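The residues making up each chain are set out below.
2 protein chains.
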Amino acid sequence: MVSNGKISMSVIKRLPRYYRFLGELKKSGKLIISSNELSMRMKLTASQIRQDLNCFGGFGQQGYGYNVEQLYIEIGKILGVDRTCKTILVGAGNLGKAIASHMSFESRGFSLTGIFDSNKELIGTTLKDIEIFDIDKLDEFCLENKPEVAVLCIPSSVASTIVDKLIDLGITGFWNFTHFDIAAKYPEVTVENVHLNDSLMTLSYQMKNK
Amino acid sequence: MVSNGKISMSVIKRLPRYYRFLGELKKSGKLIISSNELSMRMKLTASQIRQDLNCFGGFGQQGYGYNVEQLYIEIGKILGVDRTCKTILVGAGNLGKAIASHMSFESRGFSLTGIFDSNKELIGTTLKDIEIFDIDKLDEFCLENKPEVAVLCIPSSVASTIVDKLIDLGITGFWNFTHFDIAAKYPEVTVENVHLNDSLMTLSYQMKNK
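Chains as they are written, first to last, in our numbering: chain A, 50 to 259; chain B, 50 to 259.
Next comes chain A alone, as it looks inside the complex:
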């Protein structure tokens, strides 16, 4: 279903939103949705929605609307949520703990297979039924289990050293909660940054200027 052309990042960034809205529609028992209805929920024009979905081969029939379940499944496949990309979490402090407990990695295309920290008090305890290992065991674990993705919930000050190590060990994708600019040093690596501070400051700006 995926066309071979290069899809723009702005379309890709909208796909998880489509997936989320369609998931809610599916839950509410809705079977068919028109691009007009979808556009109202998504706050995009109907033509924008048709254009977006056409990037991936199109899913609707003119005049009939989209089959909610089918579209949900297909967008899920495009997003890769039907795979399981082996993933490790580095940093099991407050933030790492929240991310591990709060996120449903398995239904998002990832399987969390290892958790690492340097804090002796955490090592040996479990998080989501996964034992927290000493960060010194990273080499051994990666050689054996070959994870592809690392979730970084470590202090920004140690990020540079740990990223170097992880890339040496074969990690090719990062979900990065630190401020360290991985892509600047390793442009070939896939990085999705979560900059919570930036988000909070955007809110600050909006509160100040309303």
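Please keep in mind that the hints were generated in silico from the structure rather than gathered at the bench.
Among the clues, some could well be false.
As the list claims (entries may be wrong) - Pairwise CB distance ranges, derived in the manner of DEER restraints:
hint, chain 1, residue 1, chain 2, residue 2, range
1, B, 192, A, 236, 49 to 55 angstroms
2, A, 118, B, 58, 32 to 38 angstroms
3, A, 122, B, 103, 46 to 52 angstroms
4, B, 183, A, 151, 18 to 24 angstroms
5, B, 169, A, 214, 39 to 45 angstroms
6, A, 175, B, 151, 19 to 25 angstroms
7, A, 76, B, 189, 32 to 38 angstroms
8, B, 189, A, 197, 48 to 54 angstroms
9, B, 204, A, 62, 22 to 28 angstroms
To be verified - Heads up, simulated DMTMM-like pairs for lysine to aspartate or glutamate below, C-alpha to C-alpha not over 25 angstroms straight-line:
hint, chain 1, residue 1, chain 2, residue 2
10, A, 214, A, 197
11, B, 214, B, 237
12, A, 259, B, 197
13, B, 177, B, 188
14, B, 76, A, 213
15, B, 257, A, 123
16, B, 259, A, 193
17, A, 259, B, 123
Fair warning: this is a prediction, and the values are worked out from it, not measured in the lab.
We put the CB at the ideal spot given by N, CA and C, even for glycine.
Use these hints to put chain B onto chain A, whose structure you have.
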């Protein structure tokens, strides 16, 4: 220093990044930076940077570059980090706990003044030296303290009810970690959403399609 024209959201979204990069430059002892150097770090064109900063009145002198400290302070003021917007956190589970401990609200324009949860085991304990109150105390607290912003770290399933209540109590800004679409119901309210699932799925797409 702020011009009165309407600033586009894409410029506003870049401001926290400028602020972050300038903060790092300042820390590293850098006094002056040219728009060329800044552009390489920010991965924007130098002309884009000059344009962005001109939206707010411009800060540089042609040929001299920008004074790092001054630009940092001015952008901070534009972002409103020199104020303190009274803020409450609703939901002190894993995610709320991480957000409260991890984020430096005070240096981002917010002062965290109250934390609320419905879990009896959490009520009365403290988080960042703030006592966690029963959610039933929300009315009383808000009438007395008049917070403007709420950070929502509650399950999406209860978000609708709690948002209704918070808006009744005078909250006009939300940092929203739930999936509930606050802006759809209350378009007049300021909302900054953090959709961690969307971010994770964007990474999934990129890992699948590299």
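Here is what the structure says about each hint:
1. B:192 / A:236: 49 to 55 angstroms: Between residue 192 of chain B and residue 236 of chain A, where Cβ atoms are some 53 angstroms apart, the hint holds.
2. A:118 / B:58: 32 to 38 angstroms: Holds, since residue 118 of chain A and residue 58 of chain B (Cβ atoms, about 34 angstroms apart) stay within the stated range.
3. A:122 / B:103: 46 to 52 angstroms: Given a distance of about 47 angstroms, which is inside 46 to 52 angstroms, the answer is holds.
4. B:183 / A:151: 18 to 24 angstroms: holds, 23 angstroms
5. B:169 / A:214: 39 to 45 angstroms: holds, 43 angstroms
6. A:175 / B:151: 19 to 25 angstroms: holds, 22 angstroms
7. A:76 / B:189: 32 to 38 angstroms: At 35 angstroms between Cβs, range holds.
8. B:189 / A:197: 48 to 54 angstroms: holds, 50 angstroms
9. B:204 / A:62: 22 to 28 angstroms: holds, 25 angstroms
10. A:214 / A:197: Holds: residue 214 of chain A and residue 197 of chain A sit about 13 angstroms apart, inside 25 angstroms.
11. B:214 / B:237: With a Cα-Cα distance of about 16 angstroms, the restraint between residue 214 of chain B and residue 237 of chain B holds, given a limit of 25 angstroms.
12. A:259 / B:197: holds, 12 angstroms
13. B:177 / B:188: Holds, because 22 angstroms separates the two Cα atoms, which is no more than 25 angstroms.
14. B:76 / A:213: holds, 23 angstroms
15. B:257 / A:123: holds, 14 angstroms
16. B:259 / A:193: holds, 24 angstroms
17. A:259 / B:123: holds, 19 angstroms
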